[in-house]
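Chemist: Letter by letter, the chains look like this.
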Amino acid sequence: MPAVQETVERVRRIDVDQYRYGFETLIESDKAPKGLTEDTVRFISAKKNEPAWMLEWRLEAFRRWLTMTEPQWARVHYPKIDYQDLYYYAAPKPKKQVGSLDEIDPEILKTYEKLGIPLREVEVLEGVVRPEGERKIAVDAVFDSVSVATTFQKELKQAGVIFMPISEAIREHPELVKKYLGSVVPTSDNFFATLNSAVFSDGSFVYVPPGVRCPMELSTYFRINERNTGQFERTLIIADKGSYVSYLEGCTAPQRDENQLHAAVVELVALDDAEIKYSTVQNWYPGNSEGVGGIYNFVTKRGDCRGNNSKISWTQVETGSAITWKYPSCILRGDNSRGEFYSIAISNGHQQVDSGTKMIHLGKNTTSRIISKGIAAGVSQNTYRGLVTAHRKATGARNYTACDSLLIGDKCGAHTVPYVEAKNSSATFEHEATTSKISEDVLFYCVQRGLSQEEAVGLVVNGFVKDVLQQLPMEFAVEAQKLISISLEGSVG
Amino acid sequence: MMSLLEVKDLQVRVEDREILHGLSLTVNPGEVHAIMGPNGSGKSTLSHVIAGKPGYEVTGGEILFKGEDLLEMAPDERAAKGVFLAFQYPVEIPGVATMNFLRTALNAQRKARGESEYSTPDFLKKVREVAKSLNIPQDMLRRGVNVGFSGGEKKRNEILQMALFEPSLCILDEMDSGLDIDALRIAADGVNALRSPDRAMVVITHYQRLLNYIVPDFVHVMSRGKVVKSGGKDLALELEASGYAQFEDAA
Numbered sequence: 093m094p095a096v097q098e099t100v101e102r103v104r105r106i107d108v109d110q111y112r113y114g115f116e117t118l119i120e121s122d123k124a125p126k127g128l129t130e131d132t133v134r135f136i137s138a139k140k141n142e143p144a145w146m147l148e149w150r151l152e153a154f155r156r157w158l159t160m161t162e163p164q165w166a167r168v169h170y171p172k173i174d175y176q177d178l179y180y181y182a183a184p185k186p187k188k189q190v191g192s193l194d195e196i197d198p199e200i201l202k203t204y205e206k207l208g209i210p211l212r213e214v215e216v217l218e219g220v221v222r223p224e225g226e227r228k229i230a231v232d233a234v235f236d237s238v239s240v241a242t243t244f245q246k247e248l249k250q251a252g253v254i255f256m257p258i259s260e261a262i263r264e265h266p267e268l269v270k271k272y273l274g275s276v277v278p279t280s281d282n283f284f285a286t287l288n289s290a291v292f293s294d295g296s297f298v299y300v301p302p303g304v305r306c307p308m309e310l311s312t313y314f315r316i317n318e319r320n321t322g323q324f325e326r327t328l329i330i331a332d333k334g335s336y337v338s339y340l341e342g343c344t345a346p347q348r349d350e351n352q353l354h355a356a357v358v359e360l361v362a363l364d365d366a367e368i369k370y371s372t373v374q375n376w377y378p379g380n381s382e383g384v385g386g387i388y389n390f391v392t393k394r395g396d397c398r399g400n401n402s403k404i405s406w407t408q409v410e411t412g413s414a415i416t417w418k419y420p421s422c423i424l425r426g427d428n429s430r431g432e433f434y435s436i437a438i439s440n441g442h443q444q445v446d447s448g449t450k451m452i453h454l455g456k457n458t459t460s461r462i463i464s465k466g467i468a469a470g471v472s473q474n475t476y477r478g479l480v481t482a483h484r485k486a487t488g489a490r491n492y493t494a495c496d497s498l499l500i501g502d503k504c505g506a507h508t509v510p511y512v513e514a515k516n517s518s519a520t521f522e523h524e525a526t527t528s529k530i531s532e533d534v535l536f537y538c539v540q541r542g543l544s545q546e547e548a549v550g551l552v553v554n555g556f557v558k559d560v561l562q563q564l565p566m567e568f569a570v571e572a573q574k575l576i577s578i579s580l581e582g583s584v585g
Numbered sequence: 523m524m525s526l527l528e529v530k531d532l533q534v535r536v537e538d539r540e541i542l543h544g545l546s547l548t549v550n551p552g553e554v555h556a557i558m559g560p561n562g563s564g565k566s567t568l569s570h571v572i573a574g575k576p577g578y579e580v581t582g583g584e585i586l587f588k589g590e591d592l593l594e595m596a597p598d599e600r601a602a603k604g605v606f607l608a609f610q611y612p613v614e615i616p617g618v619a620t621m622n623f624l625r626t627a628l629n630a631q632r633k634a635r636g637e638s639e640y641s642t643p644d645f646l647k648k649v650r651e652v653a654k655s656l657n658i659p660q661d662m663l664r665r666g667v668n669v670g671f672s673g674g675e676k677k678r679n680e681i682l683q684m685a686l687f688e689p690s691l692c693i694l695d696e697m698d699s700g701l702d703i704d705a706l707r708i709a710a711d712g713v714n715a716l717r718s719p720d721r722a723m724v725v726i727t728h729y730q731r732l733l734n735y736i737v738p739d740f741v742h743v744m745s746r747g748k749v750v751k752s753g754g755k756d757l758a759l760e761l762e763a764s765g766y767a768q769f770e771d772a773a
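Just so you know, the sequences run in chain order E and B. To convert a position in the first sequence, counted from 1, into this note's numbering, add 92. To convert a position in the second sequence, counted from 1, into this note's numbering, add 522.
Simulated from the structure, these hints should not be mistaken for lab results. You can trust all of the hints, since none of them are fake.
Derived lysine to any residue pairs resembling SDA-like cross-links, with alpha carbons at most 20 angstroms apart:
hint: 1; chain 1: E; residue 1: K558; chain 2: B; residue 2: R665
hint: 2; chain 1: E; residue 1: K558; chain 2: B; residue 2: A619
hint: 3; chain 1: B; residue 1: K676; chain 2: B; residue 2: S699
hint: 4; chain 1: E; residue 1: K558; chain 2: B; residue 2: G617
hint: 5; chain 1: E; residue 1: K558; chain 2: B; residue 2: P616
hint: 6; chain 1: E; residue 1: K558; chain 2: B; residue 2: R664
hint: 7; chain 1: B; residue 1: K633; chain 2: E; residue 2: E547
hint: 8; chain 1: E; residue 1: K450; chain 2: E; residue 2: N282
hint: 9; chain 1: B; residue 1: K676; chain 2: E; residue 2: V534
hint: 10; chain 1: E; residue 1: K529; chain 2: B; residue 2: G577
hint: 11; chain 1: E; residue 1: K126; chain 2: E; residue 2: L158
hint: 12; chain 1: E; residue 1: K450; chain 2: E; residue 2: S275
hint: 13; chain 1: E; residue 1: K574; chain 2: B; residue 2: A619
hint: 14; chain 1: E; residue 1: K558; chain 2: B; residue 2: M621
hint: 15; chain 1: E; residue 1: K574; chain 2: B; residue 2: R625
hint: 16; chain 1: E; residue 1: K529; chain 2: B; residue 2: V669
hint: 17; chain 1: E; residue 1: K529; chain 2: B; residue 2: G617
hint: 18; chain 1: B; residue 1: K676; chain 2: E; residue 2: D533
hint: 19; chain 1: E; residue 1: K558; chain 2: B; residue 2: V613
hint: 20; chain 1: E; residue 1: K529; chain 2: B; residue 2: P576
hint: 21; chain 1: B; residue 1: K633; chain 2: E; residue 2: S544
hint: 22; chain 1: E; residue 1: K558; chain 2: B; residue 2: M662
hint: 23; chain 1: B; residue 1: K654; chain 2: B; residue 2: R665
hint: 24; chain 1: B; residue 1: K676; chain 2: E; residue 2: E532
hint: 25; chain 1: B; residue 1: K748; chain 2: B; residue 2: T581
hint: 26; chain 1: B; residue 1: K633; chain 2: E; residue 2: E546
hint: 27; chain 1: B; residue 1: K603; chain 2: E; residue 2: E547
hint: 28; chain 1: E; residue 1: K529; chain 2: B; residue 2: E614
hint: 29; chain 1: E; residue 1: K558; chain 2: B; residue 2: G666
hint: 30; chain 1: E; residue 1: K529; chain 2: E; residue 2: N554
hint: 31; chain 1: E; residue 1: K558; chain 2: B; residue 2: T626
Far from chain E, by Cβ distances over 12 angstroms, these chain B residues were calculated:
hint: 32; residue: G670
hint: 33; residue: I708
hint: 34; residue: D720
hint: 35; residue: R721
hint: 36; residue: K748
hint: 37; residue: L759
For every residue, glycine included, the Cβ atom is placed at its ideal position computed from N, Cα and C.
Taking the hints into account, I'd like the entire structure generated from these sequences.
Modeler: Have a look at this one:
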């Protein structure tokens, strides 16, 4: 049987049930009643002991949401979501304030251990000596709707960096939250962002003071555990003048037959001369071989290069989710500011990905760079959708875009939908796009040299995404490389 | 002594068309065989079937390699057992450094044979030695596999792999295609350096020219899916003078 045909056969049989993070943790949880009304919003706000202004903010968003309709323009198809059939808040019990890892429910700790995430922190807590030169990573772990642990708080505090669950920041740093929350993604932005504004329960908050280079990588791990629960986390990162921060985000969920909704909002603000690097490795449960189950991932991520000479860089490795709807974007407001988007989006089985970026050039001499690598296997559909626009006053704006798609087998699809708008004549926009297929000839060449089919595909794909992998922090690059191989397992015979 | 390669009455189809109609060939260790013939006579099909390229259906006959049934083995297994095919058109693999590719492949073969994998320093030492002997600059090893390589560089990269993997059977498929005379000489010198009493070579070519540089022990003429004549190295010269037309009817 020819390799390609074999590939197709194999993909058809593919057992996406080999999803390695598909376990469920049995813990009691504290849920809001099913459905979404003003009372749900009040319930969440009360659970978080929020001040009145925050509740008002949420309610305004909720009222706005009621008037909005779900967007239909993306190249993704799914049955209508019944927003009244979801739980909007689930907190693991006991819900007492967590001060250190010791106080966390051991079941939750075990979950994170299985994910291989908190081990680093546990090690540190246990006083394990680490090899010299290895960087530390501070972690904020969000379990269903609630942040369960933030590590390295003390060390960060010494540097003046605030890294805490956003629910705490609302209480402890209301002036910062009031000033920046919703300033990049307004409550009225889009259907999913507005929903998030009404019901978000937790997420991470980062503030890096002027001139401070954050002494370690910051990281959040999101885990959806409860059945029928939506997860709506909210992340807000502010890099004050001349500061630098690198932030990593990872996501997993258990295997479930029903679809789970994830609608997050991430807002980044970079002031003069500040830089934010935001990396994501997204591995939500993608559904099984028949396309049943999996996470619906509708995420709004946007960075505002508010100051002159500021820089925001998004790097994402997307391998999970049944549906991905996600466009991490940059508003290049400050003069000489720079936006970057590096993306690897892999779809296999029945996954549908519609992802890309927006680079909005407003300031003078702003530059942006987009490198997107889409890999489609199985019967998946993979779309890059991007907007590059230069405002009338954005003289000297420059963008370079390269979109490459790789197809494995002949039942999947790759689509590129670029929008380019230049409203002044001094803008220079370049767009390059390629679509290729892993050819039988390349695979045969590799196996003739002794590689197995799977090793061959892994090698070719890792070569294809190399430019983007290089953008990831070292620790994540290795993880991402493994994840890429795992998510393409079974895509060839 | 057991033959290294025994092809017996091989019949091969591609889709509905029979390409090889009962081909036989015996190759012993240390021998160099040239297979010549006009376009479409089935030369490349034979090399592909021996290496295990998908898309060919063997409808009759057998291939024994060191006495084992080669057709039962997956292509990567055949590679590990010592079958090496130097491609007529080596593929490009962007983003995969040649050095990384060589090491991954060599270690995959060693692992399949139950041998220990090379450590990085040992591997580097070995590659540098072989590359030097073939006049391959270090810079080429850092570039993507065959990406932006000239025709001559691609062929030299094939010979580099041949030297590195130390196969017992080398099949060279139209090695001379796309090479000028200087590049051909360098490639042929590389191949000649690998001739050894334990290693056999099957040189597939359309033109006699290559055989001035790689001198064969035996020459076989293929026409319409069969070997129609076999002889010594002089047969190639005879062909050069009289052409393939005389064999067209014999098939």
